[in-house]
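S.K.: Chain by chain, the residues:
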Amino acid sequence: MFRKRKKNTSTRIEVREVLRGCEAGRLQSVGYMQVIPLVSDLNDDRFVSPVQCDADVYTTSYGTLGFRNSSDSVMIVPCHAGYVVKQHAQDHAMAHAGVVATAGDRRYDTAACIQASQGGFIKKGSYRMLILPHALREHALQKRGEKNYQKLWDDISVFNQRLGVTGQGHLEYFLKAFKKELDEFVAEFECVPRQVGAIVLIDDRVVGIERAPSHEYWLSIWPSLIRECYGSLAIEAAKANGDRAPDRSPTVQLPVEIASLEELESLIAEIASQEDERARSTVRELLDEPLDLQYEETVADVSIDTATSEHFTGQVIRDGDKIVYASLPATSAFVKSQARTRAEPFAI
Amino acid sequence: MQDLIATQVDDRKQAFGLTETQRELLPLAFGSFLDSVATATGRGTFYNSREEQAASVEAAHRDLFDIDRDVYTAALMLPGVTDYSRQIGVRRLLQTTRDGGILPAEFEAVAMTHLVRGLPTQRMLKLFGMLRRDRVNNARTRRLILSEILSADGLEFWAVKYREKLRVALTHAWGRRTASILRSVLAKSVDDRNEKEAQIVRQNVTRFVRGDVVARTEQCVRFILGDEEGLKLDRLAAYRDAKSNFDRGAVLPPETMEGLRSRYHKDRTNAEVLALTKSQLTTGQKIAVQRKAEQSGVEVEFDPAKYDAVRLYVYAFEMGMTDEIRQALREKAEAAAARLPVQFERVGVLIDASQSMIGHDTQARRPIATALALGDLLSATADESVAITSDGRAIESYELVEPSGDTSLAAGLVKLLKSDPDVVFVLSDGYENAPAGRFGETVAAVRRIGIQTPIHQFTPVFAAESQGVRTLSDSVVAMPVSKPEAIGLGLLKALIESDVDRGVAALFGMTKVAGYLPAA
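Going line by line, the protein sequences match chains V and Y.
Under this note's numbering, the residues of the first sequence are numbered 3 to 350, in order.
Under this note's numbering, the residues of the second sequence are numbered -19 to 500, in order.
Treat the hints as calculated values from the structure; they're not laboratory data.
Computed from a prediction, not measured in an experiment: that's the story for all the values here.
Every residue, glycine too, gets a C-beta built ideally from N, C-alpha and C.
Heads up, none of these hints are tricks.
Which stretches of chain V does chain Y cover? Using the computed rule of at least three CB atoms under 8 Å from a CB of chain Y, they are:
1. 186 to 193
2. 253 to 262
Taking lysine to any residue and the SDA-like style, the derived pairs with C-alpha atoms no more than 20 Å apart in a straight line are:
3. Y:Lys398 <-> V:Glu259
4. V:Lys178 <-> Y:Ala34
5. Y:Lys398 <-> V:Ala271
6. V:Lys88 <-> Y:Glu32
7. Y:Lys398 <-> V:Leu269
8. Y:Lys286 <-> Y:Pro100
9. Y:Lys395 <-> V:Pro257
10. Y:Lys398 <-> V:Ala261
11. V:Lys182 <-> Y:Glu38
12. Y:Lys398 <-> V:Ile260
13. V:Lys182 <-> Y:Arg30
14. Y:Lys395 <-> V:Ile260
15. V:Lys178 <-> Y:Glu32
16. V:Lys181 <-> Y:Glu32
17. Y:Lys395 <-> V:Ala261
18. V:Lys178 <-> Y:Glu31
19. Y:Lys395 <-> V:Ala271
20. V:Lys182 <-> Y:Ser12
21. V:Lys182 <-> Y:Ala34
22. Y:Lys395 <-> V:Glu264
23. V:Lys88 <-> Y:Glu31
24. V:Lys182 <-> Y:Glu32
25. V:Lys181 <-> Y:Ala34
26. Y:Lys395 <-> V:Leu263
27. Y:Lys398 <-> V:Glu267
28. V:Lys181 <-> Y:Arg30
29. Y:Lys398 <-> V:Leu263
30. Y:Lys398 <-> V:Glu264
Use the sequences and the hints to build the structure in full.
M.R.: The structure is reproduced here in structure tokens:
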């Protein structure tokens, strides 16, 4: 049915469709960032990521990013996947998601250069994938149809400037300046069994919903999501707090007066259950949010839609009615508008 | 904790001549150094790239070396220091001229020989490669390389297995010109050499040979330098002949024969090489090739008793746990526990079994394997023990625990404390996320309740980004450990932090350098 759809056709669904079959796992919280794992028994292993299948990545001209999928599965290129390479070649990123058929080769001429004033093309090869910093993703998506390799330079410059990094239009300067912090995010958040997605919060504000087709797919893209995409937002939060080290104490703290190990044990369990409920309630609050899907294209029997709502903007990939992939970063307006609700110490 | 090694301390605190500045700087530098040398392997971890590890390790070595060269040398000799750390240490000692130090100069020469001989052959040769790369070529270095290679009992085996590495090392020590002259001279029989040529051989080869094996050594050197004419030694001749006759490779190491197969016998398979050379497998290879052997239908026997506990756990994760391995693990844990100067009545062990304990791809499952082996050892030090994982499972010793999920250790700690142990050991990489900080908060609450049970953290992974191991709580000292026998390093670190002089005395005591100490 999707093949018959035309570009710009729109459909309305709710966020619950994106999270169908998932339940919230235990909240993980370190510093400014919190992650609610989305776990599911649904595991669609027909799809692989460029990381899973060791896809060959290359550029053929400025603004054209190519992917060679030599696997026997359909490859979903995550929304805003990018490549920073150690070559005399211009780093590039996708302005949207992509789908490459089994044993297929696909070139996207809507890609963006993320390294101004650097010439050269990326040689065909397997490289570490990143996903654009959260602050750039909304801009990239808005410009997804533009065939202009310079389209993100100004946005990168503003982003760098905001974080005190010099380097107009060079994303790699940001990555270099905050390498240590970004690496730590990968170390601090662990994937849990059956995890296929996550709701990411910074300072208790929801900043994104991510969903993958399978656990293996999720494992392969999670380091890129937590490191560059959402990690960059945590760094911005730290900057906004005057570069203060984040409070490493738990959000809900134990009371000072505890009389016995039995009491301590029950308090830890009670707080954990309270945190679980908080995670579930965060998910529940999102379920009814309407999402407008704007049809983009169909490849290998799956369709790509751009999803926008009051609070999120991203893309989903569907196989018939079933959403197999979704990446929905919160809009910058929503990130700014949410009030931080730091919990009080636990008390009965 | 100090009592654990107090028995080994030779109380000579006045004899070492440590200055006040050294006393001040040593605890921090020594702690950071031990964090590094106990676990660093020169590979990436789950958290850090290889380059980050290398930079951090170099800094830790430099800091201690700058304070005192002999303390640094003795520290390299501690049991549990990784081979990688020893390689770096020997290179640093050879790179720098001795100037001062609190022990006599001969101590360093003996220590260096001890350190190099303790390295597995391939790592010793890698060290020699590092010396060449860094252009370290002073007299001490040349003598060390030549004596360790030319006096080796297994030189013939080494020659076929590590031919190129040996050629590089010897050429570095001799220089290209001398190596070329030696190749020509050694091609002649002893009787055909003139006096000058005989002297060149004596000067560069014979004087380093131990015992009556000069002819054998000369033949090995010829082979290493690329001359295969008239070889009589069995393995060397087999190497030459196996290029045309596959079956002659039966006495060659498997990887050597595999190299010859891929070049000269392309119609033969890997499995045929494994079947032909299985009698030549080293102890390490026998465990490493089990999966390949199984797939190829070749039976390669290996004896679990010959491997360390961490390696056995890594093996069991890949091939499955058996009663034989379980028995070997039990014997190793009990033997190692008997060597520790400590016994408990009741021990609590909390094992972090979260996903990050899988480790980096290049050392998969090493952190959890180390934690399990250490857990077994600690349990074996006590009459009774309770071990649970971070996700609350009670576990038996000598069983596998598959890492997965997030890290929450607080509930497990309380559960253990309720069983009233003498001591609790937490075996974790120090990354807590469900939520971060709960463990530290819980330790503080436990202390406020009035429970003073000692809680120690052992960390089986090196976290370069924090210049040492990550602690779960400000009030719990985290100690690094790469293998169970290295547990003494953590204890020593704690002692030096509390009493520098006694710590240094314990260091010299543990490394058996007492013969070099000045009279008290």
